[in-house]
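Enquirer: Using the sequences and the accompanying hints, generate a full structural model.
Keeping their order, the protein sequence lines are chains A and B. Each residue of the first sequence is one higher than the one before, starting from 110 at the first, in our numbering. Each residue of the second sequence is one higher than the one before, starting from 70 at the first, in our numbering.
Worth flagging that the hints you see were computed from the coordinates, not collected in a lab. Worth double-checking, as some hints may not be accurate.
Stated by the list, open to error - Short derived list, chain B residues pointing at chain A, Cβ under 8 Å:
no.	residue
1	V106
2	A109
3	R112
4	C132
5	I158
6	N199
7	Q202
8	K205
9	I265
10	N267
Where is the CB? At the ideal position from N, CA and C, for every residue including glycine.
What follows is the residue order along each chain.
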Amino acid sequence: MKTASTLCAAAAFALCTLPALAQKTASQGIDEYRAMLQDGNPAELFEAKGEDLWKKARGPKNATLEKCDLGKGPGVVKGVFVELPRYFSDTQRVQDLESRLLTCMETLQGFNVAEIAKTPFGKGEQNNVTALAAWISAESKDMKFNLSQAHATEKNFYEVGKRLFFQRGGPHDFSCASCHGEDGKRIRLQDLPNLTKNPGDGIGFAAWPAYRVSNGQMWGMQQRLNDCYRQQRFPYPGFASDATIALGVYLGVNSKGAKSIAPAIKR
Amino acid sequence: MKKNTQIAWASLAVALAAVGCASVPSVAELNQLTDAVVKASFRDQGAVKVDRITATDETNRACSAADVAGQPLNEKTAKAIEEMNLKAIKWPSNGQFIGDWKEGEKIAQSGRGLTWTDKEGSANGGNCYNCHQISKEEISFGTIGPSLYNYGKIRGVTDPKSPASQAIVTYTWGKIWNSKAYNACSNMPRAGHMGILNETQVRHLVGLLLDPKSPVNQ
Numbered sequence: 110m111k112t113a114s115t116l117c118a119a120a121a122f123a124l125c126t127l128p129a130l131a132q133k134t135a136s137q138g139i140d141e142y143r144a145m146l147q148d149g150n151p152a153e154l155f156e157a158k159g160e161d162l163w164k165k166a167r168g169p170k171n172a173t174l175e176k177c178d179l180g181k182g183p184g185v186v187k188g189v190f191v192e193l194p195r196y197f198s199d200t201q202r203v204q205d206l207e208s209r210l211l212t213c214m215e216t217l218q219g220f221n222v223a224e225i226a227k228t229p230f231g232k233g234e235q236n237n238v239t240a241l242a243a244w245i246s247a248e249s250k251d252m253k254f255n256l257s258q259a260h261a262t263e264k265n266f267y268e269v270g271k272r273l274f275f276q277r278g279g280p281h282d283f284s285c286a287s288c289h290g291e292d293g294k295r296i297r298l299q300d301l302p303n304l305t306k307n308p309g310d311g312i313g314f315a316a317w318p319a320y321r322v323s324n325g326q327m328w329g330m331q332q333r334l335n336d337c338y339r340q341q342r343f344p345y346p347g348f349a350s351d352a353t354i355a356l357g358v359y360l361g362v363n364s365k366g367a368k369s370i371a372p373a374i375k376r
Numbered sequence: 070m071k072k073n074t075q076i077a078w079a080s081l082a083v084a085l086a087a088v089g090c091a092s093v094p095s096v097a098e099l100n101q102l103t104d105a106v107v108k109a110s111f112r113d114q115g116a117v118k119v120d121r122i123t124a125t126d127e128t129n130r131a132c133s134a135a136d137v138a139g140q141p142l143n144e145k146t147a148k149a150i151e152e153m154n155l156k157a158i159k160w161p162s163n164g165q166f167i168g169d170w171k172e173g174e175k176i177a178q179s180g181r182g183l184t185w186t187d188k189e190g191s192a193n194g195g196n197c198y199n200c201h202q203i204s205k206e207e208i209s210f211g212t213i214g215p216s217l218y219n220y221g222k223i224r225g226v227t228d229p230k231s232p233a234s235q236a237i238v239t240y241t242w243g244k245i246w247n248s249k250a251y252n253a254c255s256n257m258p259r260a261g262h263m264g265i266l267n268e269t270q271v272r273h274l275v276g277l278l279l280d281p282k283s284p285v286n287q
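Expert: Here's what the structure looks like:
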């Protein structure tokens with residue numbers, strides 16, 4: 110590449126660059142950019158941080174999270190991500206990964222999780238929840254989503270999630286389905302997965318948490334859904350609120366059999 | 070917040086016990102539960118208030134229910150919704166339908182406005198390119214809506230002020246102002262009706278689509 114540009118400078122610049130440009134359309138350029146994104150994923154840094162946080166004694170109780178039950182028993186991390194959200198009998202709630210992490214941070218470490226839920230994304234303990242989610246999701250990489258629908262509450266959450274997915278509202282009348290209800294659509298140049306069914310391995314629900322190159326941020330599923338609702342011109346969904354969890358159940362159950370690539374890398 | 074949801078769940082459990090079918094709640098019960106979840110989960114943020122989704126109109130409610138059921142609205146309901154929205158269209162107060170296509174292009178490009186991170190009172194965009202191809206020069210366009218490239222040309226509009234063009238000019242204004250007047254459950258926002266764009270902005274967009282000098286019609 111360096112040789113080529115030196116040659117360009119030596120010869121007539123315009124003559125050298127123009128044919129190269131002409132051969133490449135704008136969308137090819139964008140494809141190349143996307144391919145370059147796959148070279149390295151900074152999400153690994155967050156995974157490492159998350160693993161450290163899991164094993165580190167923290168909070169008012171100065172305890173680790175190593176006894177946290179994410180659905181497969183205390184301390185089991187492998188394979189839990191692709192079965193969340195699910196019903197937990199101790200809290201009598203359906204919980205997603207981030208909601209369940211809050212429960213463990215409260216019961217094991219003594220954190221005030223209502224405070225954490227109110228903390229804006231990217232600030233304070235929220236960053237730790239995201240890092241933990243990144244590591245825990247990575248421990249289920251390449252595993253297939255298989256959410257339980259055995260408990261009546263899980264079934265009800267699916268039905269509520271479906272209703273939320275199709276709920277039109279706000280000044281723009283948008284629902285989730287306005288953008289994610291059909292195959293092969295896009296916003297501007299961004300491809301939109303059809304989330305009313307399994308959109309395929311590593312797509313949609315199977316891609317978050319993810320590192321976002323455009324803003325250099327690591328996002329969990331909660332933040333992904335939050336920003337969807339922001340762009341939908343909806344009011345603010347509470348962190349780990351039942352609406353976000355019910356939507357997660359709808360998306361996760363629809364993604365049954367899809368391979369998880371989380372934490373993914375996104376534009 | 071959490072308490073509200075728990076109350077909702079408790080009352081659902083009571084309702085289910087009463088009908089004696091704890092495993093299969095009815096559609097009405099699930100709708101009720103969804104309403105309770107929405108109330109407990111969303112909050113106001115800046116200028117964005119919760120009533121944006123709790124106080125939606127009949128059009129949105131009927132279309133959401135049809136989407137959940139996976140069946141389009143029946144013809145009668147769809148017609149009624151379209152008539153209701155058609156009646157609500159505000160036509161240009163000065164009789165002028167065609168504005169400046171250059172301004173229209175800027176509005177079509179802008180996706181700003183009405184989110185909780187937008188500054189209150191700033192000008193809203195039309196979000197048009199998010200879903201439509203419009204001018205040929207802009208390659209970053211979405212595909213949720215149909216291509217609008219050559220919109221006026223294809224429809225034979227050579228002079229938007231001529232009587233021959235009147236029907237298409239009127240329709241174009243109406244469609245942008247209130248898309249649901251022509252398709253009850255259209256994916257397209259009701260830009261004028263819902264106050265996303267004002268009359269002047271809609272006029273510029275009609276110009277972008279129908280002015281023979283607009284890049285759309287080249």
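Enquirer: Next, verify each hint and record whether it holds.
Expert: Status of the hints after comparison with the structure:
no.: 1; hint: V106; in the structure: holds, 5 Å
no.: 2; hint: A109; in the structure: holds, 6 Å
no.: 3; hint: R112; in the structure: holds, 5 Å
no.: 4; hint: C132; in the structure: holds, 6 Å
no.: 5; hint: I158; in the structure: violated, 15 Å
no.: 6; hint: N199; in the structure: holds, 5 Å
no.: 7; hint: Q202; in the structure: violated, 11 Å
no.: 8; hint: K205; in the structure: violated, 13 Å
no.: 9; hint: I265; in the structure: holds, 6 Å
no.: 10; hint: N267; in the structure: violated, 13 Å
Hint compliance for this structure: hints 5, 7, 8, 10 are broken, all remaining hints hold.
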